[in-house]
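J.: The whole structure should be built from the sequences, with the hints applied where relevant.
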Amino acid sequence: MRYVARIFDFDGTLVDTGDLNISAVHAALTEHGLHDIPPAWTRTAPLADLTALRGRLHADLGARLGCTDDDFVRSARAHWLANAHRAVPIPRMVALARAAARSGPVAVASANDGLIVRAGLAAAELSEVIAVVVAREDVIRLKPAPDAFQVAARRLNVPAARCLVYENTDEGVTAARAAGMHVVDVRLPEGAVRSDRDTGDWGSGPVDPQFSEPT
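In full-length UniProt numbering, the protein residues as written are 1 to 215.
By construction, these hints were calculated from the structure, which means they are not laboratory data.
Small disclaimer: the values here were computed from a predicted structure and weren't measured.
Treat each hint with caution, since some may be false.
[As the list claims (entries may be wrong)] Here are the in silico distance ranges between beta carbons for each label pair:
id : residue 1 : residue 2 : range
1  : Ala-59    : Val-88    : 25 to 33 Å
2  : Arg-92    : His-58    : 16 to 24 Å
3  : Ile-140   : Trp-41    : 28 to 36 Å
4  : Ala-101   : Arg-64    : 40 to 48 Å
5  : Asp-60    : Arg-86    : 52 to 60 Å
6  : Asn-157   : Glu-125   : 21 to 29 Å
Glycine included, C-beta positions come from ideal geometry on N, C-alpha and C.
T.: Laid out in structure tokens, this is it:
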């Protein structure tokens, strides 16, 4: 298969944002009156789904978030952007994205906020190699629905079957396959990471036959 375009997930694939995402949510909870939320609780909370987050707050801690979703997102985003320098680029994947951009267009498809994704890409010095960014505000359904990858392929003007996706979550892998794309699960060892978009069977061989990954 000759791939025309590559689509990368953002959080945990190109950039390690785990601690920063958690601190942004914790700061927003504090700003909106929930001062005693244990940091350990925030680490296991559903950060990307505010409905689920509200449910967990009430079920686990008997707490209610007294603000709108938009207000909460604005607070968390402001904290994240003020601390974007704490985002940690993942060297192997950043190098891979740069190599991919030399042979075709590269997109990012993320469930995170668009301003956050762009700030993180800038911190990783990747802004100039990413042709398209698809963020949570660009889709109706988040991963594991295929929407983000479908939008990315459409904006790249590349058929889904000619796109190769790099992902680090089960939801992302499911979304890419549902979009009709091959997907590399970056959590798996090299040489056994490309999944078949139709059967889901793990294939063997190189991650991408068109170019060698940087070492």
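J.: Each of the hints needs a verdict: does it hold here or not?
T.: Quick rundown of the hints versus the structure:
1. Ala-59 <-> Val-88: 25 to 33 Å: 32 Å Cβ-Cβ, so the 25 to 33 Å window holds.
2. Arg-92 <-> His-58: 16 to 24 Å: Since the Cβ atoms of Arg-92 and His-58 sit about 40 Å apart, the hinted range of 16 to 24 Å is violated.
3. Ile-140 <-> Trp-41: 28 to 36 Å: 29 Å, holds
4. Ala-101 <-> Arg-64: 40 to 48 Å: 46 Å, holds
5. Asp-60 <-> Arg-86: 52 to 60 Å: 27 Å, violated
6. Asn-157 <-> Glu-125: 21 to 29 Å: 26 Å, holds
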